[in-house]
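Undergrad: Start from the sequences, fold in the hints, and give me the full structure.
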Amino acid sequence: MRILKCFFISIFITQILLISSGCSSTKEIDKRAFVACIGIDKVEQDMHRFKITLTLALPEKQIVDYLNLTAEANTLAEAIDVLKTQSSKDIDFSYAKVILFGKDLATEDLSVAMDWLMRIKEIQTIAFVVVGDPSAKFVLDKRAELQKKSGKNLLSMSSLILAFDGSGVETNYITQVYLFDFYRSMTELGVTPFLPIIKVQQDHFKINQLALLEKDKSLKIKTIFSPDETEIFNMIYNNKNHLRLNITTPQREFVIRVQNVKHNYSINSANKSHPKLQYNVKITGIIAESTTTQVPINLNSCEKLSSEVLEGQILKMLKKLQAENLDPIGFGLRYRSRNWNNSTKFKDWNNLYPSIDYEVNLKMKLESSGLVK
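When we follow this note's numbering, the leftmost residue of the sequence shown carries the number 1178, and every step to the right adds one.
Hints were generated in silico from the structure; no laboratory data involved.
Just so it is clear, CB atoms sit at the ideal spot from N, CA and C, and this is done for glycine as well.
Take these hints with a grain of salt, some might be off.
[Claimed, not checked] Distance ranges between label pairs, derived from CB positions:
| id | residue 1 | residue 2 | range |
| --- | --- | --- | --- |
| 1 | Thr1284 | Lys1453 | 11 to 21 Å |
| 2 | Tyr1414 | Ile1188 | 49 to 59 Å |
| 3 | His1451 | Asp1286 | 29 to 39 Å |
[Unchecked claim] Computed list of lysine-lysine pairs in PhoX-like fashion (alpha-carbon distance at most 25 Å, straight line):
| id | residue 1 | residue 2 |
| --- | --- | --- |
| 4 | Lys1208 | Lys1266 |
| 5 | Lys1524 | Lys1392 |
| 6 | Lys1319 | Lys1392 |
TA: Okay, structure coming up:
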């Protein structure tokens, strides 16, 4: 009995020691500075050096204050060590929500920065990744400056996060890109990585363009979508609902409020000399605005006009991607998954893609002409 009692006491003491040793490395919340945003740029005078900007959240009793710290070094790890000397609190990366790459860095090479981000275990891969124009530091500093000057909520840190996580504004111009998804498209064969571009204009954010990157020799921006192209891409790539499409024709001009989008595509490569890709899109919506005062509006006519306009816009975007040898939708990934010759299937796709003929079929269903009182 005495031996059994000593055995249980020793187990209890061991558990206490294990628990206390596990908690010893965890610092109290008032001794930590939480990173909300990470900005990575190239140094203008020396393109071989990095400039990193951290937006730190400093929790107080009732409010959260934000502070930007910037450091330059030959490596990102060294820059972080320099930043730690500027703060009396331990820098915690586990709550970082947004990662910004400066446009200069994104037009040169993002490979080194991405390698560092994926190696740091504290940085969550569900953080949003964007390009800051003209630089990441400019966007973060301007945001802080304008918020202090005007006190406007539109430039608060929570507003920046809400713009990307989808819980705030719903728009077809903003593309959500997570760190893990960007890394996947960066390393996977048959898909092109892309990033949204954020600017600060006057007293608000502007996010309505998309940067598409090449990854053959270096990971850098190859082309940038216009706002209209970004809208069309998001519609067919993300199946976004509750959106608005502007339809402009010589006959009339009207706006469709989209309620549902579905799309699918098939690749027919049986004829190697004339491969074909058929893209089918089905949209359901209602008319939200019209320049004509005719009541009731001819829905069949509007459906036909909108289908023709959108088919042309989608086809134009797909041909532009083909000419640039870019594939953000992942046609090559689909081809690889449907063909079993592992040694040559990606090479076969690279030979097929420039000669593919596109066929876009869009079916528009307008359920009503809207409520006219």
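Undergrad: Output the numbers, in ascending order, of every earlier hint that fails for this structure.
TA: 1, 6
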